[in-house]
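Asker: The primary structure of each chain is shown beneath.
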Amino acid sequence: MWDHLSVMTIKQLFSSYPYAADFFSSLPNLEQSEESSVGAYFAAIEEDTLQDLGIGQQEFLEQFLSFMLQMEKLKEDKVKIESITIIGGKDKQGKAEDVELTIHAGEIVCIVGPTGSGKSRLLADIEWVAQQDTPTNRKILINGQLPDMRCRFSVEHKLVAQLSQNMNFIMDLSVEEFVSMHAESRMLENIEEVTSHIIAKANELAGEQFNPDTPVTSLSGGQSRALMIADTAYLSSSPIVLIDEIENAGIDRQNALRLLIDKQKIVLMATHDPILALMGDKRIVIKNGGINKVILTSEKERENLILLTALDRKMLAIREVLRGGGHIDEIPMALE
Amino acid sequence: MQLITVAGPPSAGKTSVILKIIEALQEDTLKVGVVKFDCLSTQDQILYQKKGIEAKIGLSGNLCPDHFFVSNVQDCLAWAQKNEFDMLISESAGLCNRCSPHIRNVMAVCVIDNLSGVNTPRKVGPMLKLADVVIITKGDIVSQAEREVFAFRVKQANPGAVIVHVNGITGQGAREVGQLFKGAQSVDSLTDYHLRFSMPAATCSYCLGQTRIGQNFQMGNVRKMDLS
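Keeping their order, the protein sequence lines are chains A and B. Numbering follows this note's numbering, with no gaps: position 227 of the first sequence is 227. Numbering follows this note's numbering, with no gaps: position 73 of the second sequence is 73.
One chain only, chain A, in its complex shape (with noise of 0.2 Å):
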């Protein structure tokens, strides 16, 4: 690989590689040093700069090349993830689950049960791919098979994607830079096109609107859950979405959900809204640390579901009305 880089010009490099950009980003002399070669780039880096950067000459080479495989790994397609299965251990007391359930891409899964009940352990030994080596002794399996082991640790083949109701923005960038940023890191190369059918999409969701220009930071609740939403159906690598909680305000939750399985994600949520509850295909009960059922969501259920969204939204009315200063003198009562 060497041979083959150290002959080019930084500039050859650059449009051939242009992430490789980043590695150069901090290095000295790079527009001066835009038509010498990388090998001469390289060898003609002082030792005193290496001091300065904490690594030395043959350590930095080799960093080089090992950012430029890594790099170019990351393009590589990946295997589709079209289904996890979750092969039952045990619960607190060494009580055996009773369980092999299979969850497709494009599916709904919601986890229900009370604090401490072991939801967090079920959604870790998912994000580990646990193999009978955590304390709940399950198995998870990846399209029906042994999932390569590599996956665990690595950052391109990460399974799990998470969304909770405590996480914000923190970057001080507007909503666009933000998004082609993360759209960046992932090597994309329609980058402009799919930021702005991100930020579209999340206004879609969003109850209020905002620009391309608002600050990440002065997003409200509702905006901020409809970008990150929008952002990981259609930016983030990984196949598998947790979500915990989402909360019923500003923010179009059932399209939301619906984006995502459009998007073929699996998703998991635990929840205790019903209207999210029953939107699942199923919902795992987790009790003592264990799974105790799985309930398929039923045709009543289902019928329920509208009566409830009715509800919901006649809510949602009630909230305009005191959003926009008006009284609640009256509630229509009729469901209809």
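I should point out that these hints are in silico values taken from the structure, not numbers from a laboratory. On a predicted model such as this, the values are computed, not experimentally measured, just so you know. The beta carbon of each residue, even a glycine, is placed where N, CA and C say it ideally should be. A few of these clues could be false.
As the list claims (entries may be wrong) - Between beta-carbon pairs, the in silico distance windows are:
1) 83/B x 26/A: 36 to 44 Å
2) 227/B x 18/A: 32 to 40 Å
3) 51/B x 99/A: 31 to 39 Å
Unchecked claim - In the EDC-like style, the derived pairs of lysine to aspartate or glutamate whose C-alpha atoms are separated by at most 16 Å in a straight line are:
4) 224/B x 52/A
5) 78/A x 156/A
6) 224/B x 48/A
7) 56/B x 84/B
8) 31/B x 86/B
9) 314/A x 329/A
10) 123/B x 22/A
11) 56/B x 75/B
12) 123/B x 52/A
13) 182/B x 133/A
14) 263/A x 107/A
15) 11/A x 35/A
16) 282/A x 107/A
17) 92/A x 27/B
Given chain A's structure and the hints, the job is docking chain B onto it.
Answerer: Here is chain B on its own, set in the frame of chain A:
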């Protein structure tokens, strides 16, 4: 004796993460000791003792904390051997980002947090670049996008490292890192071992207690900024 050096910027969550990892290792009945290196003062000994973990504190005072670390680490290892630990974890704060406590053939870990911002991985020196394992913390409070970009930047800074996320509050990920720690090489003595990279140096008049400012008082290893 297995030795692991854990370093990271201040407030990245080193102590919380180590506590969670040791809790997981204790379940496997491993006896783990800690040496915490700090500068002026620390209360962390209490945190370790509460969990029944034997911990020693080293305060560097007005010495460079890294130089203090390397002058003491062999003695710490001997202390751990005397106490028949299975594993010793050293914890030190990387205060100047150029800090470099990692030792060749000793498992080196860097703890860095999502809140420090996506440009931080580029700014941290050998502490991050030469680590075997990079633990990213505080992922529970930033967005998925920021976590992904941050991990990507860490990978750019240290392409060979194993990168893991640990939540210092819930302990999510700590058990898994514990498994990595169990694979660390054994060390009997550090004598003749080498640091992975030289430590930052400054031997100037200010190292020797000079407090006055001005050209006449700057002696020894002095470097000037280019302000042209």
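Asker: So which hints don't hold here, by number, going up?
Answerer: none
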